[in-house]
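Undergrad: For reference, the chains in residue letters:
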Amino acid sequence: MEAVGERKITYDARGLVEPDATVPNVSEVDGATAVFDAAKLTTRQINLELKNLLYERSITDVTVKNPGAKHSLGVGILTRCKITFEGSLGYFGCGVIDGPEVHITGRVGWSACENMMSGVVVIEGNAGSLTGAALRGGDLVVKGRAGARSGIDQKGGLILTMGSVGSMTGFMMQRGRQIICGDAGPGLGDSMYDGTIYVAGKVKALGIDCVPGEWTDADTEYIDRKFGIYGLGSPPEFQKFVCGKKLYNYDNLEPSERKLVL
Amino acid sequence: MCGIAGIIYRDGSRDIGREMTAMLQSMKHRGPDSTGYALFGPPSKTVVMRYKLADANDERDYEFAERLERNRAEVESRLGQLGARVIEVEEETDYALRATIEYDGDLKTLADYVEDVPNCEVLSLGHSLEIVKDLGDAETVSKQYDLDEFNGTHAIGHVRMATESDVDISGAHPYWAYPFADVAVVHNGQLTNYFQWRRRLERSGHRFQSECDSEVIAVYLAEKMSEGLDLEAAMRQSLDELDGVFTYICVTEDALGVAKDEMAAKPLVLYESDDLVALASEEIAIRAIIDHEIDTYDPYEGEVLVWKR
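Note that the protein sequences, when read in sequence, are chains Z and L. Sequential numbering from 1 applies to the first sequence in my numbering. Sequential numbering from 1001 applies to the second sequence in my numbering.
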């Protein structure tokens, strides 16, 4: 019974945050392109390496190998550049970005491209829930299926999903468009303020105040153009859903636009 | 927040102890309070009982060691009184023990009588199920209980960030579906009709050892299965009858099932191959045991999936 005594429970939250990490400088640089292997790097080191290449060394094309589904990779990149992730990202991948053109060859976890301002993100695999949450602009293309609440609180831009989406997609959407080539789960466009959702497959159930919209030539043109840009072949036939404006109590002007009107 | 993980091999036994540790350790950030395992070894005629007599963070006061010793002897004497032949008692830590017994009587009588010993809680009871849970991260618990050597066909695990009840072993997952042999549950989420179900199940004679809402799922499922439903049907019914947000994984002697609530509020990533099904709150946990590129997806709301070993 020697072991009877205090047992320490070791948990160092600071260890998870890595405040002391430094730029690992492991990339192979060739002109304006760079490649590095992220397998043995921590989240913070990968992001430091990315920012160092893009901001300090004027690299415009970076390839990250083996991201290994780590969380929060490629976040807060505010410059025009090309980033390729050869593998999968975990949660919060490419959040709060403004400008980059990102290609992810694997899948992404929850909250990919949250609050993205502009740029393009193409995901070859599936996406988790909350994909493109609070998206402000740019195009987000998911070639697999997406989870629940895609484009929750979307305020602009486009989310194009080739597969199906889960429940409450476009919940409280305020602007922008979603193109869904597969089926949509229950509660589609629940409490949306504005914006447009196109669905090619079945809709399990519409959310509160989401109603079928009237198709116009502008819709056809928009969808054809986007399918052309991303080389997705000929688009299927879509149904259009918009806000019924029964719950609707706000104007849809940006503050700067409101100033002009007043 | 909590993290859950499950793994089932369809073609025989593997090092599931080591693999589950790797999965849970990679999700440490989801819950550093405690870690738990439910592991299924090869079924045997004997019954394995895992039980604890104190907690890792109990105050080591005057007489603590004597009290443990006394309670330990009392448990063994009570097993004898019920006609169980104790083959072996292994001491995993000073307060957590593993008894191998020969017993063919009623498991509820046994569990009730043993748990009447002060501070004693039966963590698991069954022919192949073993539940190990303690405070700290996966590597700490695995080392303490020597789980690297554990061989078996399927396992579930849990890292806990306590939200609804205390940080102690009673509050840690997985939960054994007292008093049904070889059923265990891990859960990520919160149940809002916990007290209704707890009172309902208590009225039909079940006891609850913890204040944790997840325990109700284990007992609920076992109760439904004892009424004749199979695992999948019981899990489907739980989607209607349990309120709240949840993703839970349930294991029985030969199957592993997962259920997601109607809002898909809690995460789950699923990987399926010919010989293996692995699922976890985050893909990073599945990648911890598979060294090649994998394709995974998230099940949708209200889905129930069951695999047999």
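Heads up, some of the hints might be wrong.
In the DSS-like style, the derived pairs of lysine-lysine whose C-alpha atoms are separated by at most 27 Å in a straight line are [what the hints assert, rightly or not]:
no.: 1; chain 1: Z; residue 1: Lys-246; chain 2: Z; residue 2: Lys-204
no.: 2; chain 1: L; residue 1: Lys-1143; chain 2: Z; residue 2: Lys-40
no.: 3; chain 1: L; residue 1: Lys-1224; chain 2: L; residue 2: Lys-1045
no.: 4; chain 1: L; residue 1: Lys-1308; chain 2: Z; residue 2: Lys-40
no.: 5; chain 1: Z; residue 1: Lys-259; chain 2: Z; residue 2: Lys-245
no.: 6; chain 1: Z; residue 1: Lys-240; chain 2: Z; residue 2: Lys-202
no.: 7; chain 1: Z; residue 1: Lys-65; chain 2: L; residue 2: Lys-1143
no.: 8; chain 1: Z; residue 1: Lys-82; chain 2: Z; residue 2: Lys-202
no.: 9; chain 1: Z; residue 1: Lys-226; chain 2: Z; residue 2: Lys-246
Per the computed footprint, the stretches of chain L lying under chain Z, defined by three or more beta-carbons under 8 Å from a beta-carbon of chain Z, are [as the list claims (entries may be wrong)]:
no.: 10; stretch: 1199 to 1207
no.: 11; stretch: 1268 to 1275
Just so you know, the hints here were simulated from the structure itself, not pulled from any lab data. We put the CB at the ideal spot given by N, CA and C, even for glycine.
Undergrad: Taking the hints in turn, state whether each one holds.
TA: Hint check:
no., hint, result
1, Z:Lys-246 with Z:Lys-204, "21 Å, holds"
2, L:Lys-1143 with Z:Lys-40, "24 Å, holds"
3, L:Lys-1224 with L:Lys-1045, "25 Å, holds"
4, L:Lys-1308 with Z:Lys-40, "36 Å, violated"
5, Z:Lys-259 with Z:Lys-245, "23 Å, holds"
6, Z:Lys-240 with Z:Lys-202, "12 Å, holds"
7, Z:Lys-65 with L:Lys-1143, "33 Å, violated"
8, Z:Lys-82 with Z:Lys-202, "35 Å, violated"
9, Z:Lys-226 with Z:Lys-246, "31 Å, violated"
10, 1199 to 1207, "violated (count 0)"
11, 1268 to 1275, "violated (count 1)"
The structure is inconsistent with the numbered hints 4, 7, 8, 9, 10 and 11, although it conforms to all the rest.
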